[in-house]
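A.B. asks: Just need the whole structure built from these sequences, with the hints factored in.
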Amino acid sequence: MQNLVNRTVLRNRYTLLLTVLVSYILLIVIEGEITNREPQAYTFENPYFDIDVNAPDEGLEIDQATEQNEISIRRLFWGR
Amino acid sequence: MNNFLLRQYGALIKRELLEHRNLFLGGPILVAILLLAALLWVINFGAQDVIVVLLTQAGEITEGMRGSALAPLLMPMAVPFVITLFIGLLAYLINTLYQDRRDMSILFWQSMPVANINTVMSKVITAGFIAPIFMVAVLVVLMLVCAFSITVLAAINDVDSVGLGQMLVAILNCALLVYMTVVLAGLWLLPTLGWLLLFSAFAKSQPLMWAIVTFILIAILEGLVFDTQYLADWSESRSGFYSYLVLQPSDFFDRLFSYDMLFGIFLGSLIITGATYMRRFAD
Numbered sequence: 001m002q003n004l005v006n007r008t009v010l011r012n013r014y015t016l017l018l019t020v021l022v023s024y025i026l027l028i029v030i031e032g033e034i035t036n037r038e039p040q041a042y043t044f045e046n047p048y049f050d051i052d053v054n055a056p057d058e059g060l061e062i063d064q065a066t067e068q069n070e071i072s073i074r075r076l077f078w079g080r
Numbered sequence: 001m002n003n004f005l006l007r008q009y010g011a012l013i014k015r016e017l018l019e020h021r022n023l024f025l026g027g028p029i030l031v032a033i034l035l036l037a038a039l040l041w042v043i044n045f046g047a048q049d050v051i052v053v054l055l056t057q058a059g060e061i062t063e064g065m066r067g068s069a070l071a072p073l074l075m076p077m078a079v080p081f082v083i084t085l086f087i088g089l090l091a092y093l094i095n096t097l098y099q100d101r102r103d104m105s106i107l108f109w110q111s112m113p114v115a116n117i118n119t120v121m122s123k124v125i126t127a128g129f130i131a132p133i134f135m136v137a138v139l140v141v142l143m144l145v146c147a148f149s150i151t152v153l154a155a156i157n158d159v160d161s162v163g164l165g166q167m168l169v170a171i172l173n174c175a176l177l178v179y180m181t182v183v184l185a186g187l188w189l190l191p192t193l194g195w196l197l198l199f200s201a202f203a204k205s206q207p208l209m210w211a212i213v214t215f216i217l218i219a220i221l222e223g224l225v226f227d228t229q230y231l232a233d234w235s236e237s238r239s240g241f242y243s244y245l246v247l248q249p250s251d252f253f254d255r256l257f258s259y260d261m262l263f264g265i266f267l268g269s270l271i272i273t274g275a276t277y278m279r280r281f282a283d
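For the protein sequence lines, the chains are A and B, in the order given.
Residue numbering for the first sequence follows our numbering, beginning at 1 and increasing consecutively.
Residue numbering for the second sequence follows our numbering, beginning at 1 and increasing consecutively.
Hint data in this document are derived by calculation from the structure and do not stem from the laboratory.
Errors might be hidden in some of the hints.
Taking CB as the label site, the calculated pair distances span [stated by the list, open to error]:
1) A:ILE34 with B:MET65: 42 to 50 Å
2) B:PRO249 with A:THR15: 40 to 48 Å
3) A:GLU33 with B:LEU34: 44 to 52 Å
Treat the numbers as computed from the prediction; the structure is a model and nothing was measured.
Cβ atoms here follow ideal geometry from the backbone N, Cα and C, with glycine treated the same way.
C.D. replies: Here's what the structure looks like:
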């Protein structure tokens, strides 16, 4: 097994790079298929507030569980 | 982990710090000097009545707040330091293994009883855990100077301020939160970190160009071969800072043990393993 890896994957720098890149992309594609991954940046997915730029009319919804942090940040900008 | 291995890691990390002290310490110090100069300029040449209004408003906002509650409000001060650290780490990671091959020091290190995995891991540990310590230390010094200046200014202008004791608690809390955030950012971006190291170990010249162009090419190839864009979605999902922002200590463990974080660490480990094996092929 070790000989096989040495003769194929570790043959030269290019075969090693190709192996790493193929493994990386395959794992990402398989994981993406399983979890139905979608870009999160547009929805700003985070535990502090919910905002979707695709539906701006819904506005900003503050999560009650993190109200304390939100109040601190709001005070910083707008005062009491 | 035995004593020899610990001492070996200690020596390897010390080597990284000595070779890159300007990057890890010089960068944050330069940012701190620039911010201090800006603060001094505002104190000396800013309109005094505006300063008094700002101090009064700050006093009203923070009235009755404990030091630990104040800490997240100080965190924006760390943003220039974090940006500087990220730029410095980008330059460090893309050059570190490449430089070893270019100046032939890889031959010296490979003749020593040091495994390639230890050399690569010492660079990962330096980037992810050690460099942020220097950044946070400089940030704390700057915050202490600012806190002292604000307290003196408030006393001179007869404005109620939080007080140095509460400020000190807030600064120490803030330092902890910033360190946790930066460490989590390092783990969250471990695939990127590994990617840079892989091409640093691979490229015969222009490692940064290799890293960027290859990423773009395999994103295009993914579309052509699988008719999907998971690599682009994956990269996009890791671009938001909310996933590693720590506003209270308990956030650290919530984010550390999230699915996306652990999967990212797994993928990062895969690429770092590739970078380690790549060191076999010294030019």
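A.B. asks: Each hint: holds or not?
C.D. replies: Going down the list of hints, with the structure as the test:
Checked against the hint of 42 to 50 Å, the C-beta distance between ILE34 (chain A) and MET65 (chain B) comes to roughly 45 Å, which is consistent with it. Take PRO249 (chain B) and THR15 (chain A): their Cβ atoms lie about 46 Å apart, and the range 40 to 48 Å holds. Taking the beta carbon of each, GLU33 (chain A) and LEU34 (chain B) are about 48 Å apart, inside 44 to 52 Å as hinted.
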